[in-house]
Amino acid sequence: MKNDYRIPTMKFSSVYPLYVQKVERKNRTRQEVDQVICWLTGYSETGLQEQIDNKSDFQTFFAQAPAIHPNSSLIRGVVCGVRVEEIENPLVQKVRFLDKLIDELAKGKALEKVMR
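The numbering of the sequence shown is our numbering, which starts it at 1 and goes up by one.
Hints may contain errors.
As the list claims (entries may be wrong) - What follows is a set of in silico ranges between Cβ atoms, one per label pair, in the way DEER data are often shown:
(1) GLY81 / MET10: 10 to 20 Å
(2) SER73 / GLU112: 24 to 34 Å
(3) GLU112 / TYR5: 27 to 37 Å
(4) GLY81 / ASP53: 12 to 22 Å
Said to hold, decoys possible - Straight line, CA to CA, 20 Å or less: simulated EDC-like cross-link-like pairs of lysine to aspartate or glutamate:
(5) LYS11 / GLU85
(6) LYS55 / GLU86
(7) LYS26 / ASP99
(8) LYS55 / ASP34
(9) LYS109 / GLU32
(10) LYS55 / GLU45
(11) LYS55 / ASP99
(12) LYS113 / ASP34
(13) LYS11 / GLU86
(14) LYS113 / GLU50
(15) LYS107 / GLU32
(16) LYS22 / ASP99
Simulated from the structure, these hints should not be mistaken for laboratory data.
All values derive from a computational prediction rather than experimental measurement.
By construction, the Cβ of each residue, glycine as well, lies at the ideal position given by its N, Cα and C atoms.
Based on the sequences and whatever the hints tell you, model everything.
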């Protein structure tokens, strides 16, 4: 997939505010974004903030994640024209899982349903 090579070096700290802006435009909150990210990655709120403060790239962010949620394999759907369950690169798939969860949150899906 084109642009996959850029994802590992993209700064999570640069993308995070975009996630927050996206959901806030739809009357959701930063706290909900944090909850979803912590659910997926196993980070505590403090750990998440440390990754943001350290300006971690996606490769580091996911490499240091305490535990990817076992139900992440249940995340299905299309992000950027690609089915997330069919992405072969494990890192790119995790990033797209996160993108999908943020999309679902922004579309008004209940938090309990976003966090399968």
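How the hints compare with the structure:
no.	hint	in the structure
1	GLY81 / MET10: 10 to 20 Å	holds, 18 Å
2	SER73 / GLU112: 24 to 34 Å	violated, 18 Å
3	GLU112 / TYR5: 27 to 37 Å	holds, 36 Å
4	GLY81 / ASP53: 12 to 22 Å	violated, 33 Å
5	LYS11 / GLU85	violated, 23 Å
6	LYS55 / GLU86	violated, 29 Å
7	LYS26 / ASP99	holds, 16 Å
8	LYS55 / ASP34	holds, 16 Å
9	LYS109 / GLU32	holds, 11 Å
10	LYS55 / GLU45	holds, 16 Å
11	LYS55 / ASP99	holds, 18 Å
12	LYS113 / ASP34	holds, 15 Å
13	LYS11 / GLU86	violated, 24 Å
14	LYS113 / GLU50	violated, 27 Å
15	LYS107 / GLU32	holds, 13 Å
16	LYS22 / ASP99	holds, 11 Å
Consistency note: the structure conflicts with the earlier hints numbered 2, 4, 5, 6, 13 and 14.
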